[in-house]
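All chains, please: the whole structure from these sequences, using the hints.
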Amino acid sequence: MINHTKRFLWLLTSVLILAALIPGSTLAQGSYPTDDDVNAVAKQLYCPVCENIPLDACGTTACEQWRGIIRDKLSEGWTEDQIKDYFVDQYGDRVLAEPPKRGFNLVVYLVPLLVFVGGFILLILAFQRWRTAEPEVRSRKNAKRAAESRKAPDEYISRVEEELNKRSKG
Amino acid sequence: MAPDIGFGSLLITLIVSIYGVGAAFYGEQKKKKVWILSAKRAMSLVFPLLTISVGSLAYLLLTNHFEIVYVSQVSSLSMPDYLKITALWGGQAGSLLFWSWLLAGFVSAVTLRKWNRDQDLLPWVIVVCLATLAFFVLLNTFFENPFISYWQTPEGITTAFSQPPGGIQLFPRDGGGLNPLLRHPGMIIHPPMQYLGFVAFIIPFAYAMASLITRRADDRWIQLSRRWTLWAWLFLSLGLVLGARWAYDVLGWGGYWGWDPVEISALMPWLSGTAFLHTVLIQEKRGMFKQLTMVLIILTYNLVIFGTFLTRSGLLSSVHAFSKSAIGPIFLGFIALNLIISLWLLNKRWITLKSRQVLTSFFSKEALIILSVVLLLGILVTSFWGVMFPKISELVTGQKVTVGPPFYERVAAPILGGMLLIMVICPLAVWSYASFKHLGRLLWKPFIVSLIGIALPLYGGLTRWPAVVAFWLVAFVLAVNAFEFIRRTRVRRKNKQDSLWDSIVHVLKRNRRAFSAMIVHIAVVMMAIGIIGIEFFQTETQGTIPVGGELSLGSYTMVYEKLDIFDTNDGRNVARAIVSVNKDGQIIDTLYPRRDFYYDSNQPVTIPGVRSTLVDDFYVILVDWKVVSSEGATFKVYHNPLVKWLWIGAWVFIVGVVAATWPDKKSKPLPVRSQ
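As they're listed, the protein sequences go chains A and B.
Per our numbering, the first sequence starts with residue 1, numbered consecutively.
Per our numbering, the second sequence starts with residue 1, numbered consecutively.
Derived from the structure by calculation, the hints contain no laboratory data.
One or more hints might be untrue.
[Said to hold, decoys possible] Cut-off 20 Å, straight-line C-alpha distance, at most; resulting in silico cross-link-like pairs (EDC-like, lysine to aspartate or glutamate):
1. Lys391/B <-> Asp37/A
2. Lys400/B <-> Asp89/A
3. Lys400/B <-> Asp72/A
4. Lys84/A <-> Glu98/A
5. Lys43/A <-> Asp218/B
6. Lys626/B <-> Asp35/A
7. Lys400/B <-> Asp37/A
8. Lys626/B <-> Glu550/B
9. Lys348/B <-> Asp218/B
10. Lys84/A <-> Asp37/A
11. Lys84/A <-> Asp72/A
12. Lys354/B <-> Asp219/B
13. Lys43/A <-> Glu535/B
14. Lys43/A <-> Glu540/B
[As the list claims (entries may be wrong)] Far from chain A by the CB rule (all over 12 Å, computed), these chain B residues:
15. Leu37
16. His65
17. Trp115
18. Leu224
19. Thr274
20. Val374
21. Phe384
22. Arg490
23. Arg493
24. Ser499
25. Gln542
26. Thr590
27. Tyr592
28. Val655
Remember, predicted model here, so these are calculated numbers, not experimental data.
A virtual CB, placed ideally from N, CA and C, is assigned to each residue, including glycine.
Here's what the structure looks like:
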């Protein structure tokens, strides 16, 4: 009998500890969520009227009511995700700060990624092409030589330089 | 009378602009200089003409002519005079006129050049400038006329410029007043700066087009437009920073940048403009990437027009957007026409712009600059896509979505880090050829110094690695620039045996362009410090407290002392809390967060109380209050570390760009010292 009671107490304690560990149940029913708890959720939501202003920063009455709903749900023990889903069900995906990663919305994430990868591949290919276009400039020595040959006596340039020298001395 | 003068000069400007385009074109085709000269005179006339128009509107605003629709929409009796002038750009029609006026200012200023050289470019510069101006003036004349007034007709109240049949002019007693969010000192200067930056890009674009049309493949257009480009870039940058400052001071969400679509539409031309400035440098030094430079200036100019389109078409809703309007499709048509003509031209000249030079090393200056250009364009593409996606999604799936800050930040943050890294290496890289070994030799000393940037934050208890990396990069950039400066000064001293001071002055003077670029880059780093501070380390709390109650955040505690509610004589009802800020048990400041309610427009504005130091900002917002209750008031408090560096960086930035554009004293050769 004692054994049974002990086992039951153990079980109860473990369940309670587990319950406390599961996110969302941290706010036990009845405990009143703080403004910071509400804002933490509101920050991630946008009301359909005040476009581009996150819910936690919006001063309109409608947004105040939404924050009230969040507060109620939190005090009922809802998790952050449950509350977000609730608003999505009511008003659609636009209440989220980012489109959910499914269906057509994946395009919004894929395009920048593809552009980046594509851009860098193009850049590397271009660099390669440029380098092979002038193969003799691969080593430092050759580069120097190439640079010198670029500096090859150009009559016009040497005359200009001469002229400049004369001027600065004069 | 004033509306007639204003509208009359607007119409004359339109006629003069169209005439100028025709005359320049005809003169060029027939090689008749008289016609080109006449077109040039037409171009110098547009600014004075539009000044009359803008002056008339300003007069109507200042003298409360509420029978004018625009005046009654954006002004009211209770507004002070400086705000009535601000109202000039506070609404759709007026801001378009203001935009045209600034554009005309730049366009007319181009004619002040002597034009004794490069005369072949002149007619085409005139055509591009005046055609653009004609487009904007056309919008103002036929679609968004700021001079129309209210009329009472048998059918009801209507708006028209001239008297409709049986109409009697209406004179409302007061106007609706300016949007309260715009009644802030930052708003007086932010839009003009932004507009200046936008419109000034017309000049390099016009030169670029003229260069393409005249089949010139040289850099002359770049030299001619270099200063214009730098000024355009400065104004655009300042416009962005001032906008950020205004958001920080007025919008009351504790931040400075919200990735609002209209902010992005101002950022996009800045990104491509910055890329343009850098490829120009490669073109000048190495004769490379001429095609890319052309693409970038075409892109920048069209993004400027696109930005104006986004704000004015009613396509987007944001704090910036004006009301829905019919001018959207016309704008789109103009952008399309612009793009088609300029890209067609570029395509025709593509081969002639091809460079014979090649990239020889991954670590050369030009390779690194190109890499940073690619990164800038990466942010640009992401931004463009993020702004357009909600519309695309609505068209395809019928569902609206929000693309908010997390989307942009995910891309922009690592790219900014990458750009900082490039800014580390770039000052040390040389043109044409550089090896990793060569760079390594120059980099190791600054690298060791930069470790302070890791050690200090770690010592201070910082554990978030992106922030540690960011601080390290900042320290690295600063160290590299300092070492480079010291190295050059030492070389000079060694060679010339000058005094230290003389060497410093000489090095600064001799490499003014390089050092002004260095100042600008250091300014960017300072701004980066501010951005890192607020993005990574912002903390916030909110609470409702009674008078005498406390709210703590970090090492700060605020005490709610008092709440005053009163009316002002400029039509506001102000609720102002007095809050003392304590740190370590000492009162260090008193703040006055408040909520202004504007009676005329029935709108509230939240003004935070901010204590700002070099280390951090303590930012208090009055969210709500109960007048007769023990519940007290609700405050939202933000702790924004280092954000002041963002604003200081902006000042340094101005210094750098002004130094870069300062006229050279080329005529006097440098004195040669005899040994």
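We went through each hint and held it up to the structure:
no.	hint	verdict
1	Lys391/B <-> Asp37/A	33 Å, violated
2	Lys400/B <-> Asp89/A	14 Å, holds
3	Lys400/B <-> Asp72/A	27 Å, violated
4	Lys84/A <-> Glu98/A	12 Å, holds
5	Lys43/A <-> Asp218/B	53 Å, violated
6	Lys626/B <-> Asp35/A	17 Å, holds
7	Lys400/B <-> Asp37/A	28 Å, violated
8	Lys626/B <-> Glu550/B	17 Å, holds
9	Lys348/B <-> Asp218/B	16 Å, holds
10	Lys84/A <-> Asp37/A	14 Å, holds
11	Lys84/A <-> Asp72/A	13 Å, holds
12	Lys354/B <-> Asp219/B	13 Å, holds
13	Lys43/A <-> Glu535/B	15 Å, holds
14	Lys43/A <-> Glu540/B	12 Å, holds
15	Leu37	34 Å, holds
16	His65	33 Å, holds
17	Trp115	26 Å, holds
18	Leu224	22 Å, holds
19	Thr274	17 Å, holds
20	Val374	6 Å, violated
21	Phe384	10 Å, violated
22	Arg490	24 Å, holds
23	Arg493	21 Å, holds
24	Ser499	22 Å, holds
25	Gln542	4 Å, violated
26	Thr590	23 Å, holds
27	Tyr592	18 Å, holds
28	Val655	31 Å, holds
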